[in-house]
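Protein chains in written order, with the working numbering: chain V, 21 to 691; chain H, 2 to 171; chain Y, 62 to 164.
Hints are computed from structural coordinates only; laboratory data are not their basis.
Just so it is clear, the structure is predicted and the values come from calculations on it, not from any experiment.
Treat each hint with caution, since some may be false.
With the Cβ distance kept under 10 Å, some of the chain H side facing chain V (calculated, not the full set) [unchecked claim]:
1) K93
2) A95
3) L103
4) W106
Listed next, with one range per pair, are the computed distances between beta-carbon atoms [as the list claims (entries may be wrong)]:
5) H:V17 - V:T638: 37 to 47 Å
6) V:R654 - H:F141: 44 to 54 Å
7) Y:N150 - H:S137: 36 to 46 Å
8) Y:N118 - H:G65: 28 to 38 Å
9) Y:Q152 - H:Q143: 40 to 50 Å
10) H:K27 - Y:Q152: 44 to 54 Å
11) V:E632 - Y:I143: 18 to 28 Å
12) Y:L161 - V:T638: 35 to 45 Å
13) H:T133 - Y:L161: 47 to 57 Å
14) V:E655 - Y:N118: 47 to 57 Å
15) V:L684 - Y:I143: 33 to 43 Å
16) V:V690 - Y:Q152: 53 to 63 Å
17) H:K27 - V:E655: 47 to 57 Å
18) H:M97 - V:R654: 50 to 60 Å
Ideal placement from N, C-alpha and C gives every residue a C-beta, glycine not left out.
The chain contents come next:
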Amino acid sequence: MPILEHLWIIIALPLLGAAINGLLGKSFSKPMVNAVGIGSVSLSFLAVVEAFREFAQLPAAQVPWIKTYFTWITAGAFKVDFALQMDQLTVVMLFVVTFVGLLVHIYSTGYMAHEEGYYRFFAYMNLFVFFMLTLVLASNVVLMFVGWEGVGLCSYLLVGFWFLKQSAISAGKKAFITTRIGDFGFTIGILLLFWTFHSVDFVAVFKQSAEMPVEGFGPAGVLTGISLLLFIGAIGKSAQIPLYVWLPDAMEGPTPVSALIHAATMVTAGVYMVARMNPVFSRAPFAMFVVALIGTLTAFFAATIGLVQTDIKKVLAYSTVSQLGYMFLGLGVGAYAAGIFHLMTHAFFKGLLFLAAGSVIHAMNGDQEMGHMGGLRKKIPITFWTMFIATLAIAGIPGFAGFFSKDEILDAARTGAQANVWFYGLGLIAAGLTSFYMFRLIFLTFFGEPRYDEHKVHVHESPWSMTVPLILLAILSTCGGWFAAPHLMGGTDYFEKFLHPVFATYAVNPGIEQGVSLAGAPGAAGEIASSPMMELVHALTGAPVIIALVGLFIAWWFYIKSPETPKKLAQSVRGLYTLVLHKYYIDELYNAVFIQPLLWISTNIFWHVIDEGVIDGTVNGVARGLRESGGQVREIQSGNARSYATWVVIGAVGFTVLMLGIWLGIWEMVR
Amino acid sequence: MSLPFLVFFVCAFVAVLGALLLIISKEPIHSALALVLVMISLAVLYLMLGADFIAAVQVIVYAGAIMVLFVFVIMLLNAGSEERTDWSKMAKYAGMPLGIFLLLWLGHWMYHSAIGKEIANGSVATSSSVSTVEMSKMLFNQYVFPFEATSILILIAILGALVLAKRDDQ
Amino acid sequence: MMNIVPISYYLVLSAILFGLGVVAFVFKRNIITIFMAIELMLNAVNLAFVAFARAHNQLDGLVFVFFVIVVAAAEAAVGLAIVITVYQNRQTLNIERINLLKF
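Pulled out of the complex, with its shape left as it was, chain V reads as follows (with noise of 0.2 Å):
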């Protein structure tokens, strides 16, 4: 059937299994459940597979490819439709968020078999593939606004899905709000958008952008604007500096929840709505400069902290926040694909990476500190050996997923377009300490002694609905790579080429590429034409690999050789240790900055003065007013005759002026 017709399906889908399982869920056995929810999104996933199909088939005239459903406001010059669209950035989301979501999904079963509420986090996941989906496939970006602030909501309800632990409440809470804040300055930057372009379909907007000239490098300018605006939301919902704060907290959350919102899909939705929106960016030097500036320095930041988390699940988040850093990094630089394909990479391994915790997790019976853990590769091995490619992965050991994306981004970030020394430094030692800590994690949790009680643990492979999952995504974690692999090494830069036209369309300079995005392309300044095996050696003896290797052998000597030696460090720069272990006391200083004086603000003025003083006081006193006043009447009705009388007197001497005065008086004015 003709699916590109019919695009609303795939995100129909979802929606349907979250109203069955969420309205009727209560009432149906577990495969019931399983059922709706692992089916709704395993459709969507064929549908996507069948769209894909399709939309090869496409002459590139007709992409990106458009259907409209019907209008959904109109209000003067503005006009929103719900319409979708389908272009390869499209498909390339598609594929990850539904193919990263099935397999989250069976993994699901098995983590949360034990849990209350096992339809409710059914019906939650599959309302936030959804949304997601909506916010993927939206044309417009008000639509896309929808999806974006519904995963917003999913998150805060999935975090938050253990409503009884105040923990997890305030961490969703924490998510939710912050994420908020973000979502004010896309608001605006919508705003300013429709007010600049007069439209919000991505199409209309592109191609007027695309007659109006670079802007100059500063903050004016109304594309820097709008592009600044939206970067906002993006720091929110992708957890960049300063609103990352909320993505370690949400770690109170399900791993399911971790791996699959929090990892691959929803804070991704800042990375694809800049890659989306390229063609505004690219006329906005300073706005890709604070892209990449901020990315830089998220990356570098986070990772510190990651250095020394002792929560397992702690250390991963930071190294999310740390990875998103990158691929902004990587957008900032003009290497759109390079940070949308290290958005691909990244959903496989970091998503693998949350689950294998998770079966950590669930094998330690719920205990996350690593600092209980040790010994565990023999008893656990599928989830050792799976958690250990993921970690070659993102360590960025060459041949596995995440060695071709990150190259691909720090080449840029050297050699590009709008390379700057200071991101490629940052940005490669950013990379030795992720090795660095992702090894700590891996030598802390599966190597040396174990640290906890035998008898009281009993330490257990998960079952094959989780381990399944996991040998699913090193697989990709593994070949993921291959599909962007620079020609030099055989691969066929397959990538690069398809995403060309998203990137390239409404360009600054139409027809050449945006940034550098191999290593060994021609025309790349200070690099040579040379030859496959030359080139291969450069890459394999890059900057990245040896800065990688770097990492594993110190962790390796900190965590295998001498374990006495990260003791002793930390003895001897105790106030940096300190000061990074609390996460740089960021938290706090909000807290006592932003959070005090707010809460202050609102219980001494808006709660004591204006809710109970004004608003309360002006109704209550109407009403008391009226009480007394209605009193005083009252009293006229003394009992005593005699005021009667004289109040009919009164009444009386009235009557007689108006009819001698006024009546008369007129009378005779007219005679």
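Starting from the structure of chain V, add chains H and Y where the hints point.
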């Protein structure tokens, strides 16, 4: 000053005097007698205005029957002099000004009414007194319905007075 | 007999008597006295009616006076019966002590 004016002013003076005495007296019986004085002087004024039948009715019914009834009740109840209670603020402060104001206001209008001026000018011819025959003709032709109605009213009043004044044990 | 005294004089007298009646009505405390003040007001009105009857040379005013007197008689009868009943119940003729008609 001619005789009519003299009679008028004397009667007017006596009427006003009676009214003042009614206000001032502490005993209700004194007030009753003052009221009788007012009525008699008003009867004289009616005569001056040529309404001799009405003057007669005034003396016979009003002064002769109604006031006698008042006097009977006063003597029957033997209420004594008025107490000096003063509990109505409204009456104390608003009563006098209102009354005086009403008096002046009406007086002003009555004095300056067009009819009065016309008659003073002598432009309206006036006949002498009104004959009783003509009045009774009007009473039984045009106003026969109110006439009959008032007779029923008197009947009701008698019954009401009887019922009200009866003691409970009877 | 020519009417040399202007009608407006009679009307002013009527106004004065009415005003004094109002004052008495408000100020006196004995129920019977208040009743008498009402009668005074009625008399003042009667005077006005008669004066106007003379002024317009019509008999209607006199007929009206006739009815006023009759109705005043009936009213006085019933009213005094009420006064007697009140006295039998409250043993007082002070109107300020008869204050049960209140909120």
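Given the hint of 35 to 45 Å, is the C-beta distance from L161 of chain Y to T638 of chain V inside that range or not? Hint holds: Cβ distance 40 Å, inside 35 to 45 Å.
Status of the hint placing A95 of chain H at chain V (closest C-beta pair under 10 Å): Holds - the Cβ of A95 of chain H comes within 10 Å of chain V, reaching about 5 Å at its closest.
Min Cβ distance, L103 of chain H to chain V: is it shorter than 10 Å? holds, 5 Å
Assuming the hint says 33 to 43 Å, is it satisfied by the Cβ distance from L684 of chain V to I143 of chain Y or not? Roughly 37 Å apart at Cβ, these two residues keep to the hinted range, so it holds.
Outcome of range test on Cβ distance (V17 of chain H, T638 of chain V; 37 to 47 Å): violated, 58 Å
Could you see if the CB distance from V690 of chain V to Q152 of chain Y stays within 53 to 63 Å? holds, 58 Å
Between Q152 of chain Y and Q143 of chain H, does the beta-carbon spacing fit 40 to 50 Å? Once the Cβ atoms are compared, 49 Å apart, the range 40 to 50 Å for Q143 of chain H and Q152 of chain Y holds.
Take the C-beta atom of N150 of chain Y and the C-beta atom of S137 of chain H, compute their distance, and say whether it sits inside 36 to 46 Å. holds, 44 Å
Grab the minimum C-beta distance from K93 of chain H to chain V and call the hint holds if it beats 10 Å, violated otherwise. Hint on K93 of chain H: holds, closest Cβ of chain V at ~9 Å, below 10 Å.
Grab the minimum C-beta distance from W106 of chain H to chain V and call the hint holds if it beats 10 Å, violated otherwise. Holds, because the Cβ-Cβ distance from W106 of chain H to chain V comes to roughly 7 Å (cut-off 10 Å).
Has the hinted range 47 to 57 Å been met by the Cβ atoms of T133 of chain H and L161 of chain Y? Distance hint for T133 of chain H, L161 of chain Y holds at roughly 48 Å.
Measuring from beta carbon to beta carbon, are R654 of chain V and F141 of chain H in 44 to 54 Å? holds, 52 Å
Against the hints set out earlier in the document, violations occur for numbers 5, 10, 11, 17, 18.
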